[in-house]
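There are 2 protein chains.
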Amino acid sequence: MMLVDGQSQDTVAALDRGLLYGDGLFETIRFVGGNAPLWARHMQRLAHGCERLRLPAPDPVLLWREALAVTQGIVDAVLRITLTRGIGARGYAMPAVPHVTRIVAAFPLPEIDATAYRDGVRLHLCETRLAEQPLLAGIKHLNRLEQVLARAEWSDPAIAEGVLCDPHGNAISATAANLFAVIGDVPVTPRVHRCGVAGVLRAELLAALPQAQVRDLPLAECLVAGELFLCSSVRGILPVQAVGDRVFAPGPVARAMQAHWRGLGFTWEQA
Amino acid sequence: MMLVDGQSQDTVAALDRGLLYGDGLFETIRFVGGNAPLWARHMQRLAHGCERLRLPAPDPVLLWREALAVTQGIVDAVLRITLTRGIGARGYAMPAVPHVTRIVAAFPLPEIDATAYRDGVRLHLCETRLAEQPLLAGIKHLNRLEQVLARAEWSDPAIAEGVLCDPHGNAISATAANLFAVIGDVPVTPRVHRCGVAGVLRAELLAALPQAQVRDLPLAECLVAGELFLCSSVRGILPVQAVGDRVFAPGPVARAMQAHWRGLGFTWEQA
Numbered sequence: 001m002m003l004v005d006g007q008s009q010d011t012v013a014a015l016d017r018g019l020l021y022g023d024g025l026f027e028t029i030r031f032v033g034g035n036a037p038l039w040a041r042h043m044q045r046l047a048h049g050c051e052r053l054r055l056p057a058p059d060p061v062l063l064w065r066e067a068l069a070v071t072q073g074i075v076d077a078v079l080r081i082t083l084t085r086g087i088g089a090r091g092y093a094m095p096a097v098p099h100v101t102r103i104v105a106a107f108p109l110p111e112i113d114a115t116a117y118r119d120g121v122r123l124h125l126c127e128t129r130l131a132e133q134p135l136l137a138g139i140k141h142l143n144r145l146e147q148v149l150a151r152a153e154w155s156d157p158a159i160a161e162g163v164l165c166d167p168h169g170n171a172i173s174a175t176a177a178n179l180f181a182v183i184g185d186v187p188v189t190p191r192v193h194r195c196g197v198a199g200v201l202r203a204e205l206l207a208a209l210p211q212a213q214v215r216d217l218p219l220a221e222c223l224v225a226g227e228l229f230l231c232s233s234v235r236g237i238l239p240v241q242a243v244g245d246r247v248f249a250p251g252p253v254a255r256a257m258q259a260h261w262r263g264l265g266f267t268w269e270q271a
Numbered sequence: 001m002m003l004v005d006g007q008s009q010d011t012v013a014a015l016d017r018g019l020l021y022g023d024g025l026f027e028t029i030r031f032v033g034g035n036a037p038l039w040a041r042h043m044q045r046l047a048h049g050c051e052r053l054r055l056p057a058p059d060p061v062l063l064w065r066e067a068l069a070v071t072q073g074i075v076d077a078v079l080r081i082t083l084t085r086g087i088g089a090r091g092y093a094m095p096a097v098p099h100v101t102r103i104v105a106a107f108p109l110p111e112i113d114a115t116a117y118r119d120g121v122r123l124h125l126c127e128t129r130l131a132e133q134p135l136l137a138g139i140k141h142l143n144r145l146e147q148v149l150a151r152a153e154w155s156d157p158a159i160a161e162g163v164l165c166d167p168h169g170n171a172i173s174a175t176a177a178n179l180f181a182v183i184g185d186v187p188v189t190p191r192v193h194r195c196g197v198a199g200v201l202r203a204e205l206l207a208a209l210p211q212a213q214v215r216d217l218p219l220a221e222c223l224v225a226g227e228l229f230l231c232s233s234v235r236g237i238l239p240v241q242a243v244g245d246r247v248f249a250p251g252p253v254a255r256a257m258q259a260h261w262r263g264l265g266f267t268w269e270q271a
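Same order as they appear, the protein sequences are chains A and B. Quick note: my numbering has the first sequence finishing at residue 271, numbered continuously throughout. Quick note: my numbering has the second sequence finishing at residue 271, numbered continuously throughout.
In isolation and in its complexed conformation, chain A is listed as follows:
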């Protein structure tokens, strides 16, 4: 089910700036049994994104009401909230008074193979590099062609995700998940201030792992890490089994974070 500006419909204006320029933001939020354990963090990131893009922030109470309406009857749901700068005069200039378009849509959670949580997933090492744009880094904006191109690098269904690097060869993230490496005993996740998205589950894990470091993570260092795992607010914690030829085993930090994930109320996956 889908609401556009509160109305039950499934279309938007063809001249919406979300389509013309990718001028907007989105959130993808997992619901389980009518609740969204990471809702507050999603709202925090969305508000931050609105500030960065100079979009008027939506009322979270209104979003929550619409989210409940569209997810109703779906036990395990993925909610997508999209906000755009709406319709304005032609051209890049922002309208003086933007009329934000608000799309709230729910989908059943895609099936995820339980062995992925137990044994880990295989990753492709992407040739696509993330460009460095500090003005857009961290936020979940609608300009996602880099991710589309990176995801098109493999079609083998046995490969679940890809590792994306910045132009200097630092590992940044997967195409639709953040990355943690355990170096020695220290969990490390890449900085996302020049490229990448500041994932909501990443923020949750950083709060749960006070010893974790947020720093540059050269790919070479990442590939010799003791453990590697992905986190996504839709898919949870996925240990990495392999990046190309390099093999990993699920480790204690990934297992602890899977337990943390389940503790949040996401009971579906069993590692």
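Worth flagging that the hints you see were computed from the coordinates, not collected in a lab. Ideal Cβ positions, reconstructed from N, Cα and C, are used throughout, including at glycine. Heads up, some of the hints might be wrong.
Restraint ranges, calculated between C-beta atoms of paired labels, are given here [to be verified]:
id : chain 1 : residue 1 : chain 2 : residue 2 : range
1  : A       : Ala40     : B       : Gly244    : 41 to 47 Å
2  : B       : Glu111    : A       : Glu127    : 44 to 50 Å
3  : A       : Gly226    : B       : Ser155    : 50 to 56 Å
4  : B       : Ala207    : A       : Met1      : 49 to 55 Å
5  : A       : Ala259    : B       : Ser8      : 54 to 60 Å
6  : A       : Ala208    : B       : Met1      : 53 to 59 Å
7  : B       : Glu127    : A       : Gly33     : 44 to 50 Å
For chain A, the structure is supplied; the task is to place chain B on it using the hints.
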């Protein structure tokens, strides 16, 4: 008037990948008296963009027919063609068989002050830098948040455009136009293989100026050029009068290119 996939309508699916990810391309084409003098170059760039983004290229004959239909009755029209990867399963992966969404829309040409062509325009020097992404450079894709942010840097209506640099301090373009500088006697336009858009009028001018150089153009060099002008397939040739405090005068190359522009059939502006 607007056609979406050949139908007279003004909406698209809210789950179109053009809106979800900016997954598509566009062209903005000037029509004058039922003709588009740069049509062939626009079609060439669009086909090249489709190849780069792995989109099936549309039939130019079909596009031409739709363009004539929507511009009918508008003497001076701007046509926007938007192609997106349509609707697919959720996620960044490209659908195996994409159903491209095709939007063909016409607008009356916005009024442009004739003194801009005679005396030149004032430019803002943008703080926003264009990120370097060779995989997307040159093509006119839908990921345009950088241009939106750059254009938001000024609101003074006396300033017509902004100069955008790459992260190394090379001048690249304006927010919605390409840039030529005349250094000594040589017209120079920046390379657009790491960022920027390969403008259709830029290509036309390069063909008309065999002595022109396409190379890196450090901003410092650009600011001491003998002449500076912008080119846009909608607005034509705009001499630059000032970039911030630095003052320029319209020069002979800009005047020659304005004559070339008029020679193409764009008779509206008189420099």
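Hints the structure fails to honour: none
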